[in-house]
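Protein chains in written order, with the UniProt record's numbering: chain A, 1 to 337; chain B, 1 to 353.
Some clues are possibly wrong.
Straight line, CA to CA, 30 Å or less: simulated BS3-like cross-link-like pairs of lysine-lysine [stated by the list, open to error]:
(1) B/182 <-> A/52
(2) B/86 <-> B/58
(3) B/218 <-> B/182
(4) B/217 <-> A/52
(5) B/135 <-> B/115
(6) B/211 <-> A/52
(7) B/178 <-> B/218
(8) B/186 <-> A/320
(9) B/135 <-> B/180
(10) B/135 <-> B/182
(11) B/114 <-> B/135
(12) B/81 <-> B/135
(13) A/320 <-> B/341
(14) B/85 <-> B/135
(15) B/85 <-> B/58
(16) B/58 <-> B/135
(17) B/85 <-> A/52
(18) B/178 <-> B/135
(19) B/180 <-> A/320
(20) B/85 <-> B/57
(21) A/52 <-> B/244
(22) B/115 <-> A/52
(23) B/186 <-> B/218
(24) B/183 <-> B/244
(25) A/320 <-> B/183
(26) B/341 <-> B/180
(27) B/217 <-> B/341
(28) B/341 <-> B/244
(29) B/183 <-> A/52
(30) B/183 <-> B/341
Have a look at the derived ranges for each label pair, beta carbon to beta carbon [stated by the list, open to error]:
(31) B/332 <-> A/144: 45 to 55 Å
(32) A/171 <-> B/115: 53 to 63 Å
(33) A/144 <-> B/82: 38 to 48 Å
(34) B/99 <-> A/314: 14 to 24 Å
To be clear, the hints were calculated from the coordinates, so they are not data collected in a lab.
Just so we're clear, the structure is a prediction, and the values are computed from it rather than from any experiment.
Cβ coordinates follow ideal geometry from the N, Cα and C atoms, glycine included.
Spelled out from the first residue to the last, the chains are:
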Amino acid sequence: MLSPSGAEAVEEPTKEAAPQPGRGNGAPRAGLRHLSLVGVLLALVAVGALTKPQQFLTPDNLQLILTQSSVIGVVTVGVTFVIIGGGIDLSVGAIVALASVWATTVATQEFGLGGMLLCALSVGLGCGLVNGVLIAYGPMVPFIATLAMLASARGLALLISDGKTQVVTVDSVLDLGVSDSYVLGVPPLVLVFAAVALLGWLVLGRTTFGRRTVAVGGNAEASRLAGIAVRRQRLLLYLLSGLCCGIAAFMLIVLTGSGQNTNGNLYELDAIAAAIIGGTLLSGGRGTITGSVLGVLVFTTITNLFALNNLQTDVQQIAKGAIIVAAVLVQKGRKTP
Amino acid sequence: MHENPNPSSGSRTSRRNVLFGTAAAGAALLTGCTSNKSNDDKDAAGQANVADDRPGKKVTIGFAGPQADHGWLNAINEQAKERAKKYQDVTLEATEGSNDNAQQVGQIETLINKKVDVLVILPADGKALTQVGLKAMRAGIPVVNLDRVFASQQAYRCWIGGDNYGMGLNAGRYIGEKLKDKKNAKVVELAGIDNLELTRERTEGFDDALKNYPNIKKVARQAAEFTVESGQSKMAQLLRAEPKFDALWNHDDDQGVGAERAIEQAGRDDFLMVGGAGSRRVMDSIKADDSVIKATVLYPPTMAASAIDLARALGQGKGIGGLAEFEIPASLTLYSAVVTKENVDEYLPTGFK
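Construct the complete structure from the given sequences, taking the supplied hints into account.
Here is the structure:
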């Protein structure tokens, strides 16, 4: 275990590598970044309130935005850890697909809610383990290893499902997705997302594991010299990401009442985009869970706004691109001197 | 996914002449002529030998199908294989399904090199695979083009597929008739993948049908991606966007699994829903009449079985029964029937899982 001072020492080279020096300065700057994201979010809410006053600011719609953020949100938390640790995970969408298909094939459904959940989690962890071993102990760079996982997990999902949609018949699973199960008006899926985000925030900011993640992502060699088991750290990060995918897969099963090999389509890009918008550095060494959560919320709110205003797909895509650029520009404007 | 042929190809006759001028259909034509001569006495109408279930000349059919990552596409592959098994005289050489144009071109070229007698191709992208269709035809292998149409009529001997415009039209008519007495009726559309031509065609047909009912207004349309997940997500938002409407048309029964889940989650049952394509699940719930879904507009995967029939007839130089023609037609567009509680029993066996 590293003492707090040891962690500080390890982080020194990190700060050199990152464009922003100093943790002391970094914290308020991260705060500023979050503030600008909150600003973007508020602007979107204002647009929603102006264009669709009857529908946008209703509890029902806000519930929907949170629910629709929850699945991709959990995936993004895992991806954020991997990116901060200096890696990338392109396989998250495919792992979600594979886990959801595996957990819903007829044999597994016989074991009920517990069996399906266990299955989804173990498939996620299993894929994460393969990714992690290949990257940490094998000769592969993260991009290639997870790209290979993307291809093979999707293929396996297609093979197992035989191209068919597996409709869930287990009532205890289905019930989790309907309004009867809400806790004080909050859907269970949103609670899971909140719990994962809170845990992620605590782990990243308050534990040795979190500090090591930042250190390894900022400067792996310095971290190694400082006595951090870099390989093991990397392995754990991909395991974490896989676990998040397993959780997300189960959430998706609850949400859609089915498992399908097309599940999790383009999650890898959405999750990476949300993390980057949230201020995570693609080269590693810097990032926050709060930022990622805000990034996800911005995306979902945009999608919701578009649907409420009945925009066509082409307009939606162009506008989404423009808003991504705008959101990043706002942040750049804040942080460059 | 599946496309309609462009009905506006003006020079159909001249193109067909060109086609027949090439070596492509030459074999089929010759056999057709000879068999016609020998069968003058067989049919009162002087018709050519027609295809039936009785074993005939051995035919090897090459089948290049889609990657089955969707219920309907999976049903296409199954239908083709099942039908081929039914005939003792048919050998099916099926390639691995693919969504990738380049890969499918390679697969079809392999089938050409194997010198199969007839090819049945459902191209990943009709336009992109036109060249390989032409190549097969030039090599003397007649091509049955399934669903997504090649850009040139020279690239296939016969096209069979569904009617996307008709699907929209019939969905619109059904909804129109149901709502014709309702003042200021509102309709919502959950479309398929917007960058596919077929989605636009379905919407166009739907809009044209609704024009006949001035009391009905389409208030919202969102495109999903033919997946359960997108169906759930887009439908959940449509339900928030339109707190009150009378009918919903969903282009695809597979994404309908998600759409129906969203409807259930929102606790809504104040409208009628019409599906698309004709899955077994939807037909079962139409029959049970226990949800908002009251009808589905067919886009039958049985077209793949019919394509095998046509390919066999082509390989054996036969026509099809019930028509006065000597040859199988150049194109066959299936009808997008509306399946309701009244006729669902008739269609249940065709519902795909």
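For each hint, the structure was consulted:
For the suggested pair residue 182 of chain B and residue 52 of chain A, the alpha carbons sit about 26 Å apart, so the restraint of at most 30 Å is met. For the hint pairing residue 86 of chain B with residue 58 of chain B, the CA-to-CA distance comes to about 13 Å; that is within 30 Å, so the pair holds. For the suggested pair residue 218 of chain B and residue 182 of chain B, the alpha carbons sit about 14 Å apart, so the restraint of at most 30 Å is met. With a C-alpha separation of about 19 Å, the suggested pairing of residue 217 of chain B with residue 52 of chain A holds against the 30 Å cut-off.
Of the supplied pair hints, the one linking residue 135 of chain B and residue 115 of chain B holds, its CA atoms being roughly 12 Å apart against a limit of 30 Å. Only pairs whose Cα atoms come within 30 Å are accepted, and residue 211 of chain B paired with residue 52 of chain A is accepted, the gap being roughly 27 Å. Our distance criterion of 30 Å between C-alpha atoms is met by residue 178 of chain B and residue 218 of chain B, whose separation comes to about 15 Å. For the hint linking residue 186 of chain B to residue 320 of chain A, the alpha-carbon distance of about 29 Å falls within 30 Å, and the restraint holds.
Annotation: proposed proximity of residue 135 of chain B to residue 180 of chain B is violated, straight-line Cα distance about 51 Å (limit 30 Å). Only pairs whose Cα atoms come within 30 Å are accepted, and residue 135 of chain B paired with residue 182 of chain B is rejected, the gap being roughly 55 Å. Taking the CA atoms of residue 114 of chain B and residue 135 of chain B, the gap is near 14 Å; set against the 30 Å cutoff, the hint holds. As the CA atoms of residue 81 of chain B and residue 135 of chain B are separated by approximately 24 Å, the hinted pair is consistent with the 30 Å bound.
Distance check on the hinted pair: residue 320 of chain A and residue 341 of chain B sit about 42 Å apart at the alpha-carbon level, beyond 30 Å; violated. Between residue 85 of chain B and residue 135 of chain B the alpha-carbon distance is near 28 Å, which keeps this suggested pair within the 30 Å criterion. Distance restraint check for residue 85 of chain B and residue 58 of chain B: the Cα-Cα separation of roughly 13 Å lies within the 30 Å cut-off, and the hinted pair is therefore satisfied. With a C-alpha separation of about 23 Å, the suggested pair residue 58 of chain B and residue 135 of chain B falls inside the 30 Å cut-off, and the hint holds.
The straight-line distance between the Cα atoms of residue 85 of chain B and residue 52 of chain A is roughly 57 Å, outside the 30 Å bound, and the hint therefore fails. Note on residue 178 of chain B and residue 135 of chain B: the hinted pairing is violated, with a Cα-Cα distance of about 49 Å set against a maximum of 30 Å. Under the criterion of a C-alpha separation no larger than 30 Å, the hint pairing residue 180 of chain B with residue 320 of chain A is inconsistent with the structure, at around 39 Å. This hinted pair checks out: residue 85 of chain B and residue 57 of chain B have alpha carbons roughly 15 Å apart, not beyond 30 Å.
Taken as a hint, the residue 52 of chain A and residue 244 of chain B pair is honoured in the structure, with Cα atoms around 15 Å apart against an allowance of 30 Å. The suggested pairing of residue 115 of chain B with residue 52 of chain A is violated, with an alpha-carbon distance near 62 Å, which exceeds 30 Å. In summary, the hint linking residue 186 of chain B to residue 218 of chain B is supported, as the alpha carbons are separated by about 6 Å, within the 30 Å threshold. For the hint pairing residue 183 of chain B with residue 244 of chain B, the CA-to-CA distance comes to about 14 Å; that is within 30 Å, so the pair holds.
Between residue 320 of chain A and residue 183 of chain B the CA atoms are separated by roughly 37 Å; this puts the pair beyond 30 Å, and the hint is violated. Between the alpha carbons of residue 341 of chain B and residue 180 of chain B the distance comes to roughly 20 Å, so the proposed pair stays at or under 30 Å and holds. For the proposed pair residue 217 of chain B and residue 341 of chain B, the alpha carbon gap of about 26 Å is at most 30 Å, so the pair holds. The hinted pair formed by residue 341 of chain B and residue 244 of chain B meets the criterion: a straight-line CA distance of about 25 Å does not exceed 30 Å.
Restraint check for residue 183 of chain B and residue 52 of chain A: the C-alpha separation of about 24 Å stays at or below 30 Å, so the hint holds. For a cut-off of 30 Å, the pair hint linking residue 183 of chain B to residue 341 of chain B stands: about 25 Å separates their Cα positions. The hinted window of 45 to 55 Å between residue 332 of chain B and residue 144 of chain A holds, with their beta carbons roughly 47 Å apart. Residue 171 of chain A and residue 115 of chain B have their C-beta atoms about 56 Å apart, which keeps the hinted 53 to 63 Å range intact.
Separation of residue 144 of chain A from residue 82 of chain B is about 41 Å and conforms to the stated range, judged on CB atoms against 38 to 48 Å. At roughly 22 Å, the beta carbons of residue 99 of chain B and residue 314 of chain A sit within the given window of 14 to 24 Å.
Of the hints listed earlier, those the structure fails to meet are numbers 9, 10, 13, 17, 18, 19, 22, 25, in rising order.
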